[in-house]
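Trainee: Sequence:
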Amino acid sequence: MTDRDYFLATPAYLKKHEKIVQIVLDEVKKSSAWANEHPAELTELLSKALGIDQKAIKIAVDRREYGLDPFTPEIIQEQQSIADKFYELKLIPKKVTVKDNIYHFKKDEGK
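When you line the sequence shown up against our numbering, it's residues 115 to 225, in that order.
These aren't lab readings, by the way, just hints derived from the structure by calculation. Each residue gets a CB set at the ideal place from its N, CA and C atoms; glycine is no exception. Incorrect hints may appear among the rest.
Capping the alpha-carbon separation at 27 Å, the derived lysine-lysine pairs in DSSO-like fashion look like this [as the list claims (entries may be wrong)]:
{"#": "1", "residue 1": "K133", "residue 2": "K143"}
{"#": "2", "residue 1": "K130", "residue 2": "K213"}
{"#": "3", "residue 1": "K208", "residue 2": "K129"}
{"#": "4", "residue 1": "K144", "residue 2": "K169"}
{"#": "5", "residue 1": "K143", "residue 2": "K213"}
{"#": "6", "residue 1": "K199", "residue 2": "K213"}
{"#": "7", "residue 1": "K209", "residue 2": "K199"}
{"#": "8", "residue 1": "K143", "residue 2": "K130"}
{"#": "9", "residue 1": "K144", "residue 2": "K162"}
Ranges of calculated distance between the beta carbons of each label pair, as one might list FRET restraints [to be verified]:
{"#": "10", "residue 1": "A163", "residue 2": "K208", "range": "14 to 22 Å"}
{"#": "11", "residue 1": "Q136", "residue 2": "Q168", "range": "30 to 38 Å"}
{"#": "12", "residue 1": "N215", "residue 2": "E158", "range": "37 to 45 Å"}
{"#": "13", "residue 1": "D167", "residue 2": "S145", "range": "19 to 27 Å"}
{"#": "14", "residue 1": "Q168", "residue 2": "T124", "range": "35 to 43 Å"}
{"#": "15", "residue 1": "T124", "residue 2": "K209", "range": "34 to 42 Å"}
{"#": "16", "residue 1": "Y217", "residue 2": "K144", "range": "17 to 25 Å"}
Let's have the full structure, built from the sequences with the hints guiding it.
Mentor: Right, here's the structure in full:
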């Protein structure tokens, strides 16, 4: 398994605020690109913001690539395995089909 972060929202919120969500994702892409291109500055910023020694932060920054990735079949299967285990352990009340809960944005023709 890998360490991934996800953005979560209800279908109703996504439909009502799709443009805002897209702006947020675009800004995450921009800030991720900056973080990947400026690891020394990122290390300093995170060290100050989190109050953690720069040496420790540098290790974390050097191990990570920032960015957004599309859902691949492998990622969906990975998440399905987690959902199945959560259901088996009774951490969630009903089975979840991960592929049915991924929101795909319409392509913006103007971009």
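Trainee: Quick one, are K209 and K199 close enough, alpha carbons at most 27 Å?
Mentor: Holds, at roughly 10 Å.
Trainee: Within 27 Å, alpha carbon to alpha carbon, are K130 and K213?
Mentor: holds (21 Å)
Trainee: For N215 and E158, compare the CB-CB distance with the range 37 to 45 Å and indicate the outcome.
Mentor: Cβ of N215 to Cβ of E158: about 38 Å, so the range 37 to 45 Å holds.
Trainee: Just to be sure I understand the hint, the distance between the Cβ atoms of A163 and K208 should be within 14 to 22 Å; is that true here?
Mentor: Violated, at about 39 Å.
Trainee: Checking one constraint from the list: CA of K208 to CA of K129, max 27 Å. Satisfied?
Mentor: holds (24 Å)
Trainee: Quick check: does the Cβ-Cβ distance between T124 and K209 fall within 34 to 42 Å?
Mentor: Hint violated: Cβ distance 19 Å, outside 34 to 42 Å.
Trainee: Against the range 17 to 25 Å, how does the distance between the Cβ atoms of Y217 and K144 compare: consistent or not?
Mentor: holds (21 Å)
Trainee: Go ahead and decide if the range 19 to 27 Å is satisfied by the Cβ distance of D167 to S145.
Mentor: holds (23 Å)
Trainee: Mind checking the hinted window 30 to 38 Å against the Cβ distance between Q136 and Q168?
Mentor: holds (35 Å)
Trainee: For the pair Q168 and T124, does the Cβ-Cβ distance stay inside 35 to 43 Å?
Mentor: holds (39 Å)
Trainee: Next pair to validate is K199 with K213; report whether the Cα-Cα distance is within 27 Å.
Mentor: Judged against 27 Å, a Cα distance of about 16 Å means the pair holds.
Trainee: Holds or violated: are the alpha carbons of K144 and K162 at most 27 Å from each other?
Mentor: Holds, at roughly 22 Å.
When held up to the earlier numbered hints, the structure conflicts with 10, 15 and fits the remainder.
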